[in-house]
Each structure stands twice: as C-alpha cells, then as structure tokens.
Amino acid sequence: MGAVVGLLVRIRRRRGRFGTLPGMATPLVELAPAVRYAALAGLLLLSGCATPTTPGTLPTPAPSEARLTPSDGTSLRDRTIQHPLFTMQVPAPYEEERGDLDRVTVARWSRPNPDGPLEVAVAVVVESSPTQPLADQAAALELRLREEHHEVERIGLAWPDAAQAQLISWREGVRGTGTFREVWQLMAQRADGTIYSVVAFGPFDTFDSSGLPEVLATFRIRP
Amino acid sequence: MTPRREAGLGSLEYIGLALVASTVIGGIAIAVAPDPIAATVRYAVCTITGGDCVAPLGVPKANADEPPACSPGMSGPLGATRSAFQVSIGSGRTALVEQTGGGAFRIVAPLDGAPLASWPAASAATSRIDALAGARRSALYTAGSVQEASDVLGGLGRQGVHDRYFGTGGSPVADVWSDAGDGLLDGLGMSQRTPSQPSTFTAADLADQPSSYAYDLALSLGDAGPGILPLGSAHREDGSWTQYLTASVPLGDGRAAEQFVVELERDHKGYLTGVRTTSAVERLTVAPDGRVDAVGQGATHVVGLRVSTAADAQVASDLLASLGVQQPIAYAAPVAPRVTTPASAATVGPALDAFRTAAVTAGTVTRQPYSPGHASPAALTGPVLEPDALAAAVTDASKSTASGELWNGTAWQPWSGCA
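So the protein lines, in turn, are chains A and B. If you use the numbering used here, the first sequence corresponds to residues 1 to 223, in order. If you use the numbering used here, the second sequence corresponds to residues 1 to 419, in order.
Note that these hints are calculated values from the structure, not bench results. What you are looking at is a predicted structure, and each value in this text was computed from that prediction instead of being measured. Be careful, since some hints might not be right.
As the list claims (entries may be wrong) - Some chain B residues judged to face chain A by a derived CB distance under 8 Å, without partners named:
1. G183
2. L184
3. G187
4. S191
5. D205
6. D208
7. P210
8. S211
9. S212
10. W412
We put the beta carbon where it would ideally sit given N, CA and C, even for glycine.
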C-alpha cells in the first residue's frame, strides 16, 4: 500500500479549544453560537452576497434529466464486489487496490494498463465516523474545485438505502497531455452517518462509453 | 455631436498608441532589465500583443537556494530537523522548537490549542509526518541562534500572559486596558515582545473532510502511480506563501518507494518562485555529469531550486506534472508546452532526478544524517522545557546528533550554523 496512504493511518482528529492566540484579537464579548450564526445569516440576507460561485451546503437543483440513476447492473455481471459495507459490480479485468485507514477505507478498481498510467478507475472511500456531514463536505469539494477553475456540477440524488446523496462531476485537464479527464463522485450518507464516496474517472472523450457510469449505478450501500 | 461613424475612434487611437508605446518601452526594458524583471516585462508585453503568454515570476526572494536561510519570514530555515524540543510558553501552552541541520531554529506555536505536531517539511523522516494530526493552525517563527529562539519564546510567553489578563484591545476601553497591561508587564521585567509578522501554517482539511478528498485518496492508493496529498500552507504577511504536499513515489529500478514532502514557494501573486523536496533517502550520489541518484534511507535530504529561468521552470513543471499535481501553477519563464506522459511511476523517477540534478548546479542540496539522538516524535511527548533550559538542551543534543551537511558541487561539506 502506498506510504502516503499509510501516513493517514495516524490521522487523529483532536478537538482543541480556541484559546488566546498570539497576535490575534480576542473578542471581549463572547456571543453564543446560535446568536453568531443568526447574525451571520442576517448579514448574508441583507447583503445579498449569495452568488452561484459560492456554493452552499445544498446542491444545485436536479436537472430535468438525471445523469445517474441506480441500476441492477445486469450488463456488468463479470464481478460483484462484496464488501462488508457496500456492493458494486465492476468489469472482471479491473485490478484492485485497497487500504484501511483510521476512520477511512479506500478501495480502487482500475482498468489494467501495464505500460501506462492510471486512466480508467472507480474507487470507493468510506468514512465511518465523519466529523462533518455529507452536505458540508460536498460543498467544500465544490468550492475547492471552483477555486481551481474547474467547471463543476453538483446535484442531489435519491439513492437506495441512503439518507441523502449527491453527485459532483467535473472535468480537468491531464497536465502536459492536452487531454481531459471526467470525474464523477457519488456521495451517499447512510442513516448512521457513514459517508460513501464513489469516484469514477476516465478520459473525457470516452467516459460515457467507458462503462464507468454503469459501474457507479450498481453501487449499493449495505443497510 | 460626434458623428456616429467616428464614435469610438478615440478609444481605438488610444489603444493603438498604447500598443506601440508598450511594445517600444517593453523592448527597451527587456534589453536592460535583469532576468526576473525582464520576465515580468515579457509577460506584460505579450498580454498586450496577444501572444502566447505565461505568467510572470514575482521577483524571487531569498528562499529555496539560499543555504543557511536564517532570515525570518520565510517558511523556515532550509534543512531538515536535527533536534526538537517542547518548550513552555506559559498558560499551559507549549511551542515546538526545532534546530535545523544548518543551525537555524524553527519555532511552531499552535494557534488553536491542539497538540503539537512535528513540522512537516522538517521531519527527520517523512514517514514521521504527523502534521495532519496536529494543530490546525500554527504561528511560525525562525531564529538564527538559540538566543534568538529564546527571545521568541519569551515574547510568546509574555504575549500569552498579556492576552489572558489584558486582552488585545479592539475598542477604546480595551485599548487602554491592553496598554496598561503592556506597561505593567514591562515593569515586571517581561519586556520581550513577540516578533511581528510570523508565518501562519494552516493544515489542509484532509483530516476533517476525507470524503471531500476521495478523488485524491483514490489517486494516492497503491503503487500504480504517484500519489500526492495536501498537507497545508503557510502564509506570510507580505502575501507570499508556501504550499505543502506529500507524495509517495514508486521509483522502480530496484529503488524503494520514496515518500517526500514537496514545498511550492509562491509569491504574493501566486507565481511559483521555488520548489523544495524533503525526502528520506540514505544518500544522493552525484555522477561526474551531474546526474543525481538517491538510494535507501538513513538521512533526510532537502533539495531546493529557485525557479527564475525558463530551464528551472521547465524542470519544476516536469516534476509537478509527473507527480500529478492538479493545482494550476503559474510560471514566469516560458514553459514549453511539452507533451509529457501523465503522472506515473515511469515518469516521476526521471523528473525527480532531473530536478535534483538542476538543484545541484543551480540550487541547494543538504542532508541531515540520522543519529541515535536525532529528533523524533519522542520530542513531542517528552518533557516540556522551560525557556531558560533551551540553550543547555540544544548543547546536549548537539553532542549526540550530527550536524547537517551541504553539497558544494563536488562533495558534502559541514554546514555551519548561521549564528
């Protein structure tokens, strides 16, 4: 397993108080969080500063034609991934990589490309005890992508056994090649809070015919 | 009234005049200006004339290739950590003090009360990177000597006491109260002030929001290709900043996978001014033709290259491309639109070697050998020193740890401190 992923094993979230900070102003009057949030919301409403480029935690309205809908994967009977937390069908030749981290498990299946780089793959990242809800993380992802000048679409979905689900998709240039990669990330949150992120990526030109959307559609949360 | 057909002529004439003037002035400036400035002028001219432009470099500051790098304000002294200490700064808070291989010191003071973490780019071995588990935000200071480090710690201690009892002002009454506190503490002999304008390190959101980094995690998994993840960034008062990434690279050719930190130095406009790598490899061998190879583990190497020429920019660009860095990078010097293979194990090795080779001739290469008393995470769980005990602790540690070394182009040389 990659050493980079290995270092994440040591991730430990530590809650720290906001103490007195060197060089930072300390407010003399501490407002209750609810008051602060209400004031902030009021300011935002008054200033009208909500813009399309500042994503909130709510996804953009679902388009009239859904890009991704669950399916039973009858065209992908080659191989069914039976994970304790999810199931998914992938083409049989796909190679598998897995990593278990603290609070996070990562598994990836990729089309073999012995003499070249990773091109077509789907990965599942499961965050078992998230400290931030799906909506916030999806919004953070969208914001980060927009800051990197990607064109992003984030839509709400209905997904089996998920309390909520969103699909974030974007296109990015593969540096130095003049080619583009399409990335779809399906985020689904189970009722107990577990967040699943199913990421599929492949060449933009052939993404639709790569089978990746079909693979994504077969993803199921184990109830 | 201006006839309709002549409307806008004034603007056209102005644009034409500006085009001619800027081209002439720009040409003269390019001819006489030093390289970094010429790069800026080239960019300015090419944006006007509609050429195929690249972004300009800011005038490079002392950073990646300045060996001792004792000057405060940058992301820290160049060189890996030689020894590390926890030092009390009052009110139950501690700062991390790291003596670097070049003799300078880095002080990390957490801003959010979280436990200390070893500084990512200075970790004795990159396998010990614990930045993700540490403070979300830290104030960074640098010092050229243990005395300067002690002064910084004294200032932090005073600041803590002051802020706790006298606040930091912000209103007329609070300002008076804060000023009164200053006077009182001065009267009590606590006259050391915190150096102003420290760098501020902010850890990446990866630890709190792993699901939002699912794509990055997917790319980082396994040995199929290089993986790169964000560690955080350090911002300075002048607007310049350093971006920290960690990478894991299977080098092939019998070499073990190499894990290292990549630092991208950017100026206040975001243009790349330098690249540094910190990696745990036993030795860098430099062939007569300047080719560099890295084998094994046992020392921490820091390789820095200031990006101020087209050749530097190309080397940096190739390295970042081979690592699969997704963030847009702006370069000053023109970077040829060379078609490269996407990030993969096959491309990163040569790109890394090319980067090191360029650094040998135009940048800085240092190493910090491991030794029994070397800095380790134990320093983060060991005893907390009082500030006045720091000097003695540094002296003791210096007896059991080797000092850093600097590659002078032909051989490794002892790296004298900057004190």
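Quiz item: Quick one, is the B:S211 hint okay against chain A at 8 Å, beta carbons?
Solution: holds, 5 Å
Quiz item: If you take the shortest Cβ to Cβ gap from B:S212 to chain A, is it below 8 Å?
Solution: This hint holds: B:S212 lies near chain A, its Cβ roughly 4 Å from the closest one there, short of 8 Å.
Practice problem: Could you check if B:P210 really has its C-beta closer than 8 Å to a C-beta on chain A? | Solution: With a closest approach of 5 Å, the B:P210 hint holds.
Self-check item: Supplied contact hint for B:G187, tested at 8 Å Cβ to chain A
Solution: With a minimum Cβ separation of about 21 Å from chain A (threshold 8 Å), the hint on B:G187 is violated.
Quiz item: Does the CB of B:W412 sit less than 8 Å away from some CB of chain A?
Solution: With a closest approach of 26 Å, the B:W412 hint is violated.
Quiz item: Holds or violated: is there a CB of chain A closer than 8 Å to the CB of B:G183?
Solution: violated, 19 Å
Self-check item: chain A contact restraint on B:D205 - CB to CB distance below 8 Å
Solution: holds, 7 Å
Self-check item: Evaluation of the interface hint that places B:S191 against chain A, nearest CB under 8 Å
Solution: Where the cut-off is 8 Å and the nearest Cβ of chain A is about 16 Å from B:S191, the hint is violated.
Self-check item: Hinted contact B:D208 with chain A - closest CB pair below 8 Å
Solution: For B:D208, the interface hint holds, since the closest Cβ of chain A sits about 6 Å away, which is under 8 Å.
Quiz item: Does B:L184 pass the interface check with chain A, least Cβ-Cβ distance below 8 Å?
Solution: This interface hint is violated because 17 Å lies over the 8 Å limit.
In summary, the numbered hints that this structure violates are 1, 2, 3, 4, 10.
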